[in-house]
Amino acid sequence: MSSKLEQLQALLAPVVEALGYQCWGIEFLSQGRHSLLRIYIDHENGILVDDCEKVSRQISGVLDVEDPISSEYTLEVSSPGMDRPLFTLEQFAAHAGELVKIKLRSPFEGRRNFQGLLRGVEEQDVVVLIEDREFLLPIELIDKANIIPRFD
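Counting in my numbering, the sequence shown runs from 2 upward without gaps.
Heads up, a few of these hints could be off.
So the derived label-pair ranges between C-beta atoms look like this [stated by the list, open to error]: (1) Pro108 with Lys5: 18 to 26 Å; (2) Leu130 with Pro15: 33 to 41 Å; (3) Phe152 with Glu132: 19 to 27 Å; (4) Gly33 with Lys145: 25 to 33 Å; (5) Phe152 with Asn114: 36 to 44 Å; (6) Ser61 with Leu118: 38 to 46 Å; (7) Gly47 with Glu7: 26 to 34 Å.
Only pairs whose alpha carbons sit at most 35 Å apart, straight line, appear in this in silico DSBU-like list of lysine-lysine [claimed, not checked]: (8) Lys5 with Lys145; (9) Lys55 with Lys102; (10) Lys55 with Lys5; (11) Lys104 with Lys5; (12) Lys55 with Lys145; (13) Lys102 with Lys5; (14) Lys104 with Lys55; (15) Lys145 with Lys104; (16) Lys102 with Lys145.
Keep in mind that the hints were calculated from the coordinates and are not lab data.
Quick caveat: nothing in here was measured; it's all calculated off a predicted structure.
Think of the CB as a built atom: it goes at the ideal place given N, C-alpha and C, for glycine as much as any other residue.
Can you build the whole structure from these sequences, using the hints too?
Next comes the structure, spelled out in structure tokens:
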């Protein structure tokens, strides 16, 4: 995790949790002069637009005061949705048995994209079953991971 992302996580997660929501994850996509800060929130009762608006207002106030991002940026507050992104080992473990799509920062065994059955975690690795072969993917190599929704 980048130091900017760690800084944003440390600053914003307590704000989200103080409002009664779970901070599911934070993405910071630096795109030249304009960046995107996306914060995923969750709650046992689900997330509505009003929840996102409430968290967005509070986060905006904190960002205005603390000013951790020097360039222009867009703030988005969202629910994780059906194609829920996975950020932590705990989240990967909790969603064992789901189909996942994982993109790595750098190649692992010659490839960067993996899609298969999430088996769980072993120490600092995410275990994915693809065509009868298990891959142990180091968490620090994972750039993006999402659950593949099932409609059955």
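Evaluated hints:
| no. | hint | result |
| --- | --- | --- |
| 1 | Pro108 with Lys5: 18 to 26 Å | holds (24 Å) |
| 2 | Leu130 with Pro15: 33 to 41 Å | holds (36 Å) |
| 3 | Phe152 with Glu132: 19 to 27 Å | holds (22 Å) |
| 4 | Gly33 with Lys145: 25 to 33 Å | violated (20 Å) |
| 5 | Phe152 with Asn114: 36 to 44 Å | violated (22 Å) |
| 6 | Ser61 with Leu118: 38 to 46 Å | holds (39 Å) |
| 7 | Gly47 with Glu7: 26 to 34 Å | holds (28 Å) |
| 8 | Lys5 with Lys145 | holds (17 Å) |
| 9 | Lys55 with Lys102 | holds (31 Å) |
| 10 | Lys55 with Lys5 | holds (24 Å) |
| 11 | Lys104 with Lys5 | holds (21 Å) |
| 12 | Lys55 with Lys145 | holds (27 Å) |
| 13 | Lys102 with Lys5 | holds (25 Å) |
| 14 | Lys104 with Lys55 | holds (32 Å) |
| 15 | Lys145 with Lys104 | holds (5 Å) |
| 16 | Lys102 with Lys145 | holds (8 Å) |
Comparing the model with each earlier hint shows violations of hints 4, 5; every other hint is respected.
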